[in-house]
Structure formats: structure tokens, C-alpha cells
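Chemist: Here is how the chains run, residue by residue.
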Amino acid sequence: METIKRYVIYTLLLAVAVAAFTFCDSRLDEAHPGRKKTVALIVRMKHGDYWRTVKLGAETAAKEYDLNLNFYAPDYEEDTQTQMELLRQAALDGYDALVVAPSGDRVLQEAIALTNPRVPIITLDTEGQQTAVKSYIGTDNYDMGKKACEKMIQLIGKSGQIALMGTGRSTANAVSRERGVRDVIAGEKHVELVSAEYGKLDKKLVGELTRDLFQHYPEIQGIIALDASTAVDVAEEIEKMGLQEKIKIVAIDNPSEVLEYLQEGVISATIIQKPFSMGYLGVKYALDASEGRPVPSRVDTGTKVIDRENMFWSENQKLLFPFVK
Amino acid sequence: MKRLLSGVVDAIKAKSIQFIITTSFTLVTVLVVLFVGVMLYSKFTETAEQNAYLNTQQILEQVKYNLDSYLNGTTQIFELVDDKIRRSQGVALEKLTEQLEAIVETRKDIVSIAVFSRTGELLIGTPAKPMRKNSELAEQSWFQSAVADPNNLSFSLPHIQNLFKGEYTWVVSMSRGITIKGDRGDIPAVLLVDVNFKEIDDLCQRVGLGKKGYVYIIDLVGNIVYHPQQQLVYVGLKNENRSLPLRYSYGSYVDDSGGEQRLITIKTVDQLGWKIIGVSYMDEIATMKSEISRFLIWLLCFVFVIVLLLLSYISAKISRPIMMLERSMERVEQGDFTVNEPIRGCHEVEQLSARFHLMMAKVRELMNQIIREQEAKRKSELEVLQAQIHPHFLYNTLNSVVRMVGIGKNEDVITTITSLSKLFRISLSRGKSIITVQEEIEHVRNYLIIQKMRYKQKFEYEIEAREEVLACKTLKLLLQPIVENAIYHGIEPMADPGHIRISASLCEGKLLFVVQDNGLGMPPHVREQVLAGGYKSEGGSGVGIQNVNERIRLTFGEEYGLEIESELEVGTTVKVWLPYLRDDEQEG
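Chain order of the listed sequences is A and B.
End of the first sequence = 1650 in this note's numbering, gap-free, step of one.
End of the second sequence = 857 in this note's numbering, gap-free, step of one.
If you are wondering where the hints come from, they were derived from the structure by calculation, not from laboratory data.
Nothing here was measured: the structure is a model prediction, and the numbers come from that model.
Ideal placement from N, C-alpha and C gives every residue a C-beta, glycine not left out.
Be a bit skeptical, because a hint or two may be false.
What the hints assert, rightly or not - List of simulated lysine to any residue pairs, SDA-like, C-alpha gap at most 20 Å:
1. A:1330 <-> B:583
2. A:1388 <-> B:583
3. B:678 <-> B:660
Claimed, not checked - Stretch-level coverage of chain A by chain B, calculated; a stretch enters the list once three of its residues show a Cβ under 8 Å from a Cβ in chain B:
4. 1412 to 1425
5. 1480 to 1488
6. 1588 to 1596
Please construct the entire structure, taking both the sequences and the accompanying hints into account.
Modeler: Below, the structure written as C-alpha cells:
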């Protein structure tokens, strides 16, 4: 009787040992892929070279640091509602770090509310006013405005009348850019900012505003467009009016229309951002922050002034044309 | 501390078979597994490293092959176009353009075909799209190299095609000098075929070396043709050391400049001298190494536990019967010879146990035999002793007889001699040691008669025996030594006349003799000594009281024997307990 009991005990112990071993073994197999970090990246728009380049940069970083990248983007820019829904979706999917390019402060607040305080949040492209944000990675928009204005002053030979064309939206980026422009003009004696118009991203309105500008200020020499879309619309109107030889346009960003106008000579210069670096550094610092390493609270990815002269330099080609199509 | 340690050692029983078997076998097994594990580990990792290396080589070879064949294909197209243009000299321009368009349509990767004069003027072009302004084609590398070396086909680096309106496309430009027959004679011109870079880009992008590894391509002077992180390299976020690969056309080396160990493998495309460089990360191999080592450690732990369990079971199975055997031996050592339970276990131990028990049985038998022999010997010795009447007694008695004859007391002489002869007759009893109570009483009566004669009526005696006990069996000469003691030590030193009372009766199913005197009595310590045999009387028959006691116990057992009660100045009572045995039940 006792021997049977002993046999049973030994068999049980053996079974437990085998079970423990297989358990540990299977856990060992799963351990590595399971520990991969997840970074959620929420940008403002699915389309457009700018955001696609951000995504490309983020994907490059994700591959390099071997992590999962969840990419979310609404179909249209400035769609705060959809972006907030995407935030909730991202929270459901789970992440170890959040990289967000908020279309408004409300989105950022939602992001902070949805995220565990220990999970780092990094903003991209648009700087928020929230202290809970670990880091801002993007362009120094004030500096960008300054650069645009400086380039314009150089183009018009340091004297003359110029105008400013914006969107009229009070986004932080637009405000900073305009401030940069105005600050530079304030220091120039011979350059006069005669008008600041806001086209509200409406092609027709921009056209009208441009024409009006010439009626009111026939001596005007240059227009600084504070965003790509407005720049294209202004350039189109100028080309239509046949004034491209007379008027200098300084644009922002590098969609292909801007680049075409740049080669044609309608747009004299454009200030480009580095969205690839944004995406790449955003994910890289998100990973660093989620693993407790210190990250800089503000990263300026830099800007570059592109004109017809340097646009086809080989080091600029990849910046201007990030995609091989 | 020392005690604690020894306690632990005791608890483990460091010298026990179980411990020795378990530890030594576990040690051996673990060592073997460890050895095998280390061997496997080094073999595995070596193979893994070699595989990684070979894999990279093979992948790069594949990339090189694909790139070579793709470039060959495009070169053929170029030659075809070149041939067509050469042979169609004089043919209407529209027809040629049509033919070229057909080529462009069949090959999606051909972006454009164009012939430019040395001044940069477009002579033939397809697809028919307007030229862009400010393209500055004369400044472009493909144009310049075709002008500088018109006979050789040159490939440009990938660049943006900015000649024609429409989408900006990444292309590789193939160019060579060509002569066009014009109205005013031969015009030196440049033939340009732009191939979409996407094909090469896709080809390289698809290649992965491990999780993080990648492939990049540089040209003869180190310009990047393709790099998955080209933007990072230009921005300065990533540093790719391009000078070292530039020096070699094939081979591989480990580069740890960037803080990470990277295996760099180089291949060269035959046609262009472009270098395909594979970058794989050594830490991925290291991760695999650590995975293997972790697996092996787990395996080791598992084997250790299993072996420990198995061996403790096996060794317990072996050592338990031995321990049981040891325990039964310990019982024997403590004097318990009755151990007889067989021990079950392995054959040898069972055999050992059987032998041991056989031996024990023999020992038991021998011991019983010795005890029996010893008892018999002692009994016969005692019987020999009791059979002798002390010569001193005989001498005293005969002296008394002589004295009685001297004074003419013939009656007394007759009585004494008669008693003496009866005494001897019963003493001898034909060598029997068991006699009847009647004979025993007769014997003591004759003894008392003689002693009374000797002591000149110094004491009176009284013998009283119940009818039913007279026929009972008793050892002979039990009462005489007791009476002798009573006379010599109780009555003789006393001034008053003594009195001895002897009775025989049944009490509680036993036969009881009582010898009572009114002599001096004895103190308790003397009484103890008398029973223990340490007290020897002089002038007696030589048969001590303790001899009587011993004889009774040897013959009948421990429950029988003497019992002495004594009080100083009052007297002594000696009780003799014997079994109640009838004459017909017992044979002498």
C-alpha cells in the first residue's frame, strides 16, 4: 500500500517537473516577440507628402529599433473629432508611448486624459501647451517665419513693399511663423509690410486677395505665403496675371506643385521642414522615454531654404522628393 | 555553530548510501549535461554565426545578380533604342518617335527617351511632353559624361528627372553620344534613356538582413545610390562609414564604430562598379545565443530536478532495506533476540536479511542451550552441596553420642543414632531431589531431635502438617538449613528457652512451609544479606539459606522461594513457597 502511495507521489512530482519545464520553455519562446514595445503615432492627415514622409521616418525608426508602430491618421487635416476618435482607438489597441501631431489643444488634452501618466507622450509638428507632454519634436516655426522673411528681404534687395498671406487660423504654428516674419521686418528700415491677408485655405478667396493686393499696392515686390496651399494658390494667380517676373513669392513646405512653380520661377524660394526626421526622432525618443532614458524636451528638426539654384542638388533631392514613385 | 553544522550533517547523513548515490550520480549527470550543453551551445552558436554569415552572402549575391540582370536588361533597351535611331537616319521624325513610344509603352520602367544636341536642344523626345523651364540639362551629370566620353554608355546616380512636365520622378539616366544626320550634316548629340529608379529601390527595400539589417548601394566614389535611411544620412542623424567599403570590392568585416557590432558584407556590381553593402547586426546573433543559453540553463535545471528526484527514489529504494536491517541489528545489540520479520527489498539485501535472521535463530538457540546447561549445572552443584552434611555437624553429633554413652544415657543414644540414621536415609533418598512433604518433615524432625539432644533441651519444637499436603512433592532439604539458622543464630545465643514451630499448609493454591522461632531476630540489613547469599553461618550444614532460595527458583520459577520476616527480640518467620504438586503428577 505504501509503495503504491510512494509511486504516486513520485509520478506526480515528475509530472509537475515536466509541466514546469514545458511551461518555462514555451514562455521562453514567446518572451522575445511579446516584449516588443508598441508606439502609437497619430498624425493629422493620411494623405499628403508631408505626413507620408513623417510616416516613412517613423517606419524607419520602428524597423531600426525593432518595435511595433501603430499608425493612425484622419482623412482630412484639422479634423479634431476624428483625431480624438483615433486616439481612443489607439488607447484600445494599447501603446508604450504615444506620438501625436494634434490638430488642436483639445486633442492633446484628450490624449493626456487617455494615457497612463507613466506612458510618455511626445508631440510632433505642433507644440502643445501641456506640461504632461514629454517632448516636442518638430520645426521651430518662429525661426521658419524669420527665415522666410530674411529670404524675401534678400530677394527684393533689402528694400520695398511686401505682403503676407496666411490661413487666418490661429493655430500655434501659423501664429509663430507670422510672429517670426513680423519680428524680422521690424528690424528692416527699407522693407515695409503693407498687408497681411488671410485666405482661409480657399483658392478663390486667395485669388481675390492677391488681385486686390495689386490694386492697392501696385509697387509690391513680394508675397510671403505662410503655408503650402496658400503659396500654390498665390503662385497660380500671379502666373495668371503674368507678374511672375516682378513678384517674388516665398513659400513654405515642398508639395510637388510648389516645387514645379519653384522650377518655373514663379515661386522664388520655399522653406522646407524635415518631416522624415520628425517621424524618425518622434519614434526614437518615444522608445527612449518609455524605457526611462532621458529625452530632450524640445527637438528642433531644422528647416532649409530651397530656391531654384539648389533644388536639384543631390543632397536636397531626397528632402524635396522623399518618395521613389 | 559547530554543533549546528554537525546537526545538519547528521540530518543529511552525509555518509548514507542514499546521500552518496544521490549526490554522486546527480553530480555526474549534471556534469555530463553541462558538458553536452556547453558543446551544443558552442556548436549551435558557431553554426548560427556561420549561417548568418552565409545567409548574408547569399542574399547579397542574389541582390547583385538581380541588379546585374536588371541593368543588363536596361542596357539592352538602350542599345535597341540607339540602334533604332542610328538605322532610321532619314526616316521621318514622327515615325521614329512612334517607334520609341512603342518601346516606352512596353517597358513601364522607361520614363523617357530623348536625344539632345550638344547645346541642350531637344531633337527627339518621347513621351511627348513639354519641356520644363530652368532644367539646366547641360549642367547635369549624364549630359556632361556623354559629352566628355561619347563612346561609352554611362549610368548616372539616381536623381530627379526635371526635364519634362508632369510628375517629378526618380530615375537613373543612361546616356551616350550619338550622331544624328541633320540637314547640315552630322550633328553630335546625346542619347538619354531614363529608367525609373523604383525597380532598383524596390529590389533593395525588399531585402532584409535579420530584423534590423539592411542593404545599401554606393557608386565608385562613395555617393549613395540607395540607402533605406538616406534622409537620415543627409541630415546627419545617421553616420554610415562609406570610406572603408569603398576600398574593397568584395568580402566582409565586422564594424563596431557606431557602438554596435555590425557585420558588413560587400559585393560589387560588375557593370557599373556599384558596391552593394549588406549591414547585419551582430546583436541579433547574440540574442539568439542568449536564447540558446537560456534554453540550455532551463534544460539543465530540469534535468537536475528530474535526476535528483529519480535518484533519491532509487537510492531510497536501495538504502531503506539496509536501514531496516540496521535497525533490527540495533535491537539485537540492545538484547532483543526476538527480531524475526523478513525485510523486503533488492535481492542482495533480502539475502542478507535472510542470512542475518538465520544467524539470529542460531544464536537464540545457542543461548537457550547455554542457559539450560547452566541451570542444570547449577542445580546439580547445589544438589551435591545439599547432599553433604557438614562434617562439623556429624562430629558434634557423634561427640554428643559419646558423651551420652559416657554418662550411660542409653535411651538418648538410641534416639540420637536412630534419628541420625533416618536423617541420612532421607538425605540420600536414593539420589532423588524431589521427595514428599512427609519425608521432608520427617527429615527436619530427626534433625531437631538430634539438635535438641545436643542443646540439652534448650528449646522446644512443634511440627504441624496438614493431612492434604503430606503427599505433596517438595525439594528435599529445604527446611533443615532454615532450622539450622534458627537454632544457631536465633536460639543458641539466647538465655531463655527457645521455641521453634514448623508448619506445612496450602495457601492460595501453593504449598507453604513456615518456620517460626522466638529467637533474637535479625536487623533488616542482615535479612537482606541472608537472602542475597552474603551471609555465611559457621558450624552449620554448609547449605546457605540463599542456596535454598536459588534451588527453588531454578526448579520451579521466580514466583516461588523464600520470604523472611524478622523482628529483633521477637523472632524470625521464614516462609517457603512451593508449587502444589501431587505425588501422582510429578516424577522425580
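Chemist: Now look at each hint and say whether the structure bears it out.
Modeler: So, going through the hints one by one against the coordinates:
no.: 1; hint: A:1330 <-> B:583; verdict: 15 Å, holds
no.: 2; hint: A:1388 <-> B:583; verdict: 54 Å, violated
no.: 3; hint: B:678 <-> B:660; verdict: 24 Å, violated
no.: 4; hint: 1412 to 1425; verdict: violated (count 0)
no.: 5; hint: 1480 to 1488; verdict: violated (count 0)
no.: 6; hint: 1588 to 1596; verdict: holds (count 3)
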